Structure formats: structure tokens, C-alpha cells
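K.L.:
Now for the letters of each chain:
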Amino acid sequence: MNGWLAAACLLLVLGLGPALCGAVVGPVRSRLLAQNVATVLAALVLLLASPGYDRPAYLDTALVLAVLGPAGTLVYERLLAEDLPRGTPWPGLARGASWASVAVVPPVVVPVCFAVAPGRTTVKVLVIGALLVAGSAVCGRALAKAPRTAAGEGSGG
Amino acid sequence: MAELPVLIGLLLATAAGTAAALSREPVHQALVLSVLGLALALLFTLLQAPDVALSQLAVGTVLTPLMVLLSVRKVRRRPREESPADGRGEEG
Amino acid sequence: MNKAVRLWVLGVGCAGVAVLFAGAFRRLPEFGGSHHPYGARAVAAALHRHTANVVSSVNFDQRSFDTLGEQAILFGAVLGTVVVLRQAKDERRVPPEPAVVAPTVRGYALVSLPLTLLVGLYVVAHGQLSPGGGFQGGLVVATALHLLYVAVDYRALERLRPVPVFALADAFGDAAYLLLGLAVLVAGASFLGNVLPLGTFNTLASGGIVPLLNAAIGIEVAAAAVVLLAQFLDQALELVPRDGEHR
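Residue numbers (this note's numbering), protein chains in the order written: chain W, 1 to 157; chain R, 1001 to 1092; chain E, 2001 to 2247.
Don't read these hints as lab results, they were simulated from the structure.
Wrong hints could be hidden among the right ones.
[As the list claims (entries may be wrong)] Among the chain R residues that face chain W by a calculated CB cut under 7 Å, a handful are:
1. Leu1004
2. Leu1012
3. Leu1054
Quantities reported herein were computed from a predicted structural model and do not represent experimental measurements.
Note that CB positions come from ideal geometry on N, CA and C, so glycine has one too.
Please work from the sequences and hints to get the whole structure.
P.N.:
Following this line, the structure appears as C-alpha cells:
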């Protein structure tokens, strides 16, 4: 049990636990924000598992999640466009959690960069970090900007 | 102590699975299933099975939600609208 | 049988299962011991054939026949879905409406599409070296294509994705796997045997037949996933009942 795994455990308990709670209660919009947060935190835990277990191969798992995770959230946001307008009961909390999940990426990515072998692996870790920040920010922004009034007229969605 | 990550992963997966089973509405369930998929992928990685984790991520992040939500959309459409007068389909 | 009786029966059943489970649990061997007869042999065989990813070695070399069956299952499942979800006589096809997409989402998805494609191809190509392989990488490639649906709309995706071509690619991947096995048979070894030069350990050109079978599975899975999603997308976005027919 080293520092990396301890940090991973912390992220699991303090991050993914509340994210799961957020996905279970509330209207669709806050659930989707919770799913977005869960994706970012899961990718960070996968990233921490690599130096934690001393296996560079686990970075590929984090890379795939960093690429597919925001895509999944955008798919939800696209196909649930009619369900989103019913707003969040705690809009501040939801948005704060969203930006916190973006803010926690650099403090995890930078130490991992130094822990892995220099060269291509460092670039891979940086790419994962950049994808997570960009993807999470885009999803959070898209969800925040989704129409807040119910779509009663116009096109079918 | 060395098993702590695996234990937390197991608890998370159990909680997510239970929550998914207790969800009533298909859309809510799809979102909880997404988190369950993430918990399972984490559990597989913590149990030193990254290939399985990759398979779970590849299937559960985009493909499964897409299929579930498209099915929900198809099933919901009937009661909600008349057949479109201008012959257009769903917003794609 | 009313609800109370049902709950009692459930309670009795659960109690019985709990007793048996606890009893069996006490006799279970330790999790993760040091004695793995099959694992030790599988790892030794993988290293002997210069394949760094033991899972890929098992999937595409030692048990490649099972993978042939698995890809046949995927092919059959997609075929079944195509049959069930195809346009029926009482349905007609209408063009899908264009969608309004926020510029940040569109920009992100359009940048992410080639990146995801690259990651998918990377996962397929490195199947014999790092976790992944044809199945996982193929699904990532299929997802990459559908990012165009997220970025723009279904009409754009349809232009990029002619379903007959992908259906052919699916069949081609399946056939390639089978033909590779037969080619090895014709060359004098056993079906799907690993007779190609094994290469240098931990490089892209290693593992003999494993990279080739990986590529075949990658093509098959990617095409199968695209065809599968096409059926769902068509049903949800394009097919409507003919006028006068309300379900």
C-alpha cells in the first residue's frame, strides 16, 4: 500500500462515493453531472493505479476512458435533451462539483508524470490529463447551458 | 491494508449494482448503469485484470448507453406525438 | 399465495442459502494463492512464443479456436439484430431532422474523433504487447465514428458510414480469421497454429500469428458494432409507421 494507492482510495471514497449518490437521486440534469464527475474521477483512479502497482500498462486503460468517457456523457446529453430542462434542486452544488472534478486533474496528473518513465510515457500521461480537462469542461459547460425551460413547442427535441 | 483498494472497489460496485436494480425509470437506470460500469472497470483494474477493464470500458461508456437511450426514445415517441405532418423524422 | 406468505417463503430460502454460503465460505482456499497450475503453463507458453501480453496469447494463440467461436457469436447476434430491426412493411423511412449543437461540443467532438480513432487503432495494434487487442480496440474505433453523430447529426454520420460497406467488412473480418486458420492448415500445421516467425519479444512484430488474428478481430468487431448501432439509430430516428397506422 503506497502513496499512489492511498490517493486512489481517497478519490474512490471521497469522490466516486458522492458521485454515485448524485447519480441515484435527483432530476436527470444533476444525475448526468454526477456521471460526468464519476467518469473523470474513475480515469484519475486508473491513472494512479499505474505507479501504484508499478504497471505502465494500466495507462492504456486510463487513456481509453479519457477518450470515451466524455463521448458517453455527450451522447447522454444529446439524447436526453427533453429531460434536461427540469432543473437541479441544488444548482450551485452540481456546478461546483463539476468544476472541482476538473480542478482535481492537474494535481493528480503532474506527480504521475514524474513517477513514470521519461519520454513517450510522460507524453501519454499528459495527453490523458489534457483529454480529461477538455472533455470534462466541455460536458460541464454543455450541461450548464442546456435549456432551462421545458421545450413545449418546436422540433421534436 | 493492502486489500483496501479492492475492498472499496467491491463496495462501490455492490452499491452501484443495488442502486441500478432498484431504479424504476429506464433513463435513471441507464445513468446508474453507467456509474456501475465505471465501478466495475475500476474493480477489474484493482484486481490486476486490465484487459477485462478495457472491455468493460469499451462497451459500457458509449455503446450500451446509446442503445438503451435510442430504445427509450423509440418507445416513448408513440404516445407523445402524432405522425409528423411534414413527414420529417426525429431530430437526429 | 398472498404477499406475506411469499415473503416468508423468500425468508426461509434466503436463510437456507445464507447457512450454506457461510459453511462453504469457511472452506474456501485463500484468495490469490501462489499455486496456479494453468496460469504457470499459460505464461510459460506465452513467453516461449514471444508474446508479452499473456491474455492475448491465450486468446489468439493457445485458445484461438475459442475466439473463432466468440466472433461467430458476435456476428450471429448482429445478424439477428439486423433481421429484427430492419424496415418492416408498415414502416416508412423519413429523413432525420438536423440537430442544433453547441459550438464547444461540436469542436470538441470533431477534434476527439481522429484522436479516438488513433487510440482504437493503437489498442488493436498493440494487442500482443499491452492490455487490449482486437475486441477492445475495435469497439473504440466504432465509438470514434459515432462521435460524428454527437458532433453534427445523424445525416452527417450516414454519409460517412455506408452500412453495406461495414456489413461487408464484418463478414470480411470473420472470413479472414477463418482463412488464416485454414492457410496454416494447408501449410502443414494444425488449424490456427502459430507457425509464423515469432519475432523479438516486446516489439510490434512479435507473437507470430497473434497480430494478424488481432487485426482480423479488430476489423470484425468495429464493423459489427457500427452495423449494430446503425439498426438502433435507424429505428429511433428514421423509421416511422406508415400514415394511418398508430400502434
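K.L.:
Hint by hint, note whether the structure agrees.
P.N.:
For each hint, the structure was consulted:
1. Leu1004: 6 Å, holds
2. Leu1012: 6 Å, holds
3. Leu1054: Because about 6 Å separates R:Leu1054 from the closest Cβ in chain W, which is inside the 7 Å limit, the hint holds.
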